[in-house]
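Participant: One-letter residues, chain by chain:
Protein chains: 2
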Amino acid sequence: MLPRKIADSTVRRLAIYLRFLEEFEAQGADTLSSKALAHRAGTTSAQVRKDLSFFGSFGKRGLGYDVHALARELRDILGLNRRYRVIMVGAGRLAGALVQFSGFNERGFDVVAVLEKDPAKIGQRWGGLVVEDVRHLEKVVKQQRVDLAILVTPADPAQGLVDRLVAAGVTAVLNFAPVQLQVPEGVEVKNVNLAVELETLSYAIKHRSDNRAESA
Amino acid sequence: MLPRKIADSTVRRLAIYLRFLEEFEAQGADTLSSKALAHRAGTTSAQVRKDLSFFGSFGKRGLGYDVHALARELRDILGLNRRYRVIMVGAGRLAGALVQFSGFNERGFDVVAVLEKDPAKIGQRWGGLVVEDVRHLEKVVKQQRVDLAILVTPADPAQGLVDRLVAAGVTAVLNFAPVQLQVPEGVEVKNVNLAVELETLSYAIKHRSDNRAESA
Numbered sequence: 000m001l002p003r004k005i006a007d008s009t010v011r012r013l014a015i016y017l018r019f020l021e022e023f024e025a026q027g028a029d030t031l032s033s034k035a036l037a038h039r040a041g042t043t044s045a046q047v048r049k050d051l052s053f054f055g056s057f058g059k060r061g062l063g064y065d066v067h068a069l070a071r072e073l074r075d076i077l078g079l080n081r082r083y084r085v086i087m088v089g090a091g092r093l094a095g096a097l098v099q100f101s102g103f104n105e106r107g108f109d110v111v112a113v114l115e116k117d118p119a120k121i122g123q124r125w126g127g128l129v130v131e132d133v134r135h136l137e138k139v140v141k142q143q144r145v146d147l148a149i150l151v152t153p154a155d156p157a158q159g160l161v162d163r164l165v166a167a168g169v170t171a172v173l174n175f176a177p178v179q180l181q182v183p184e185g186v187e188v189k190n191v192n193l194a195v196e197l198e199t200l201s202y203a204i205k206h207r208s209d210n211r212a213e214s215a
Numbered sequence: 000m001l002p003r004k005i006a007d008s009t010v011r012r013l014a015i016y017l018r019f020l021e022e023f024e025a026q027g028a029d030t031l032s033s034k035a036l037a038h039r040a041g042t043t044s045a046q047v048r049k050d051l052s053f054f055g056s057f058g059k060r061g062l063g064y065d066v067h068a069l070a071r072e073l074r075d076i077l078g079l080n081r082r083y084r085v086i087m088v089g090a091g092r093l094a095g096a097l098v099q100f101s102g103f104n105e106r107g108f109d110v111v112a113v114l115e116k117d118p119a120k121i122g123q124r125w126g127g128l129v130v131e132d133v134r135h136l137e138k139v140v141k142q143q144r145v146d147l148a149i150l151v152t153p154a155d156p157a158q159g160l161v162d163r164l165v166a167a168g169v170t171a172v173l174n175f176a177p178v179q180l181q182v183p184e185g186v187e188v189k190n191v192n193l194a195v196e197l198e199t200l201s202y203a204i205k206h207r208s209d210n211r212a213e214s215a
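Same order as they appear, the protein sequences are chains A and B. Residues 0 to 215, numbered by numbering that gives the first Met the number 0, are exactly what the first sequence covers, in order. Residues 0 to 215, numbered by numbering that gives the first Met the number 0, are exactly what the second sequence covers, in order.
For reference, chain A alone in the conformation it holds in the complex (with noise of 0.2 Å):
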């Protein structure tokens, strides 16, 4: 039913805007334009109806859109319709803050295992869960039917896990490690690489004082 290729640019807008439908949704709102759903989410309107133009006709002229239905069709088309079995590998601090950020548990990915390698950590209770020795991964991901991997280890071993991952029949992994990892088609990887950010940051800090010299 769905087209084949949407970027990823507008799955992430749509990702954006169910967030603020549901907002509305909880402030008893029915009905919201185009032009108030492009404002919260920092784009325009006309990028918002060709975003949803892609999966279908939700608005009515001068009416805007229908809140619930369109939430209910977001979450469809996002998947989020269902719960995902998430193993985070790794069990240093940010795996710990990431087991325990509620957005994940309310969008419906449960953490159902951790694994690391530092023997002072396997054995550790992490709220109702308890961290396996990376050893055991093929068996976990099995007995646990992960749908989704979170890569939370240096650079060194990520590429290692990530094709241990793939073997297991995982097919979706979200990756903190500072590397580019490579997978086989089908397989789809996320990458989160904070210093990245914090880099096209000090980019613009530095490009504004270049452009004040330039003005003085």
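Since the hints were made in silico from the structure, they are not lab data. Incorrect hints may appear among the rest.
Copies of the same chain are indistinguishable here, so a pair counts whether it falls within one copy or spans any two.
Derived DSS-like pairs (lysine-lysine); straight-line CA-CA distance at most 30 Å [claimed, not checked]: (1) 120 to 205; (2) 205 to 141; (3) 49 to 34; (4) 4 to 49; (5) 49 to 189; (6) 34 to 4; (7) 189 to 138; (8) 4 to 189; (9) 49 to 141; (10) 205 to 138; (11) 141 to 116; (12) 120 to 138.
Following the hints, put chain B in place on chain A, whose structure we already have.
Facilitator: Frame of chain A; chain B shown alone:
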């Protein structure tokens, strides 16, 4: 000296190239082909050459890039030949993990203050820092000569806090709050929205299942 408008996606790739150049440097390499750099960064040689061409001429046909010269140049372009003073706004678990994240410090970003609303957290020692009352935001920004803020709060207070940061003179914000911040021209915001990242993965998983069902 720099061209005025470089796409954000280009800047991000420059940061990624730099990471790999530094890896190659650490391994003792002196020259590197655009092909090797492209392979590590998950892109094409043509893209690498195009990205670097914005900033001058770095390679020699048949010889590849001078690893040291190119790394130095990229550090300069990205504004990484100085240190940045960072304020953390919010003292939850994610903030705690970020403060300890060695990647920031290694790249020249020093967290110089942590602010929080929750009285139970104010006064806690975080490494060499003491968590301060967010009411003192304006004073802390000035006294600590803050360059950059990392916002790690829930959605609700985020816009009010960024308004105060901007009024106090902060012009670059890394935002983890799940909300699209409105800022005046000249202020740069980068968003890290972990739930949105996961939802692009659930979209991919769902979309793949659809394809399977169709081809079955």
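Participant: What are the numbers of the hints that this structure violates, sorted from low to high?
Facilitator: 1 and 9
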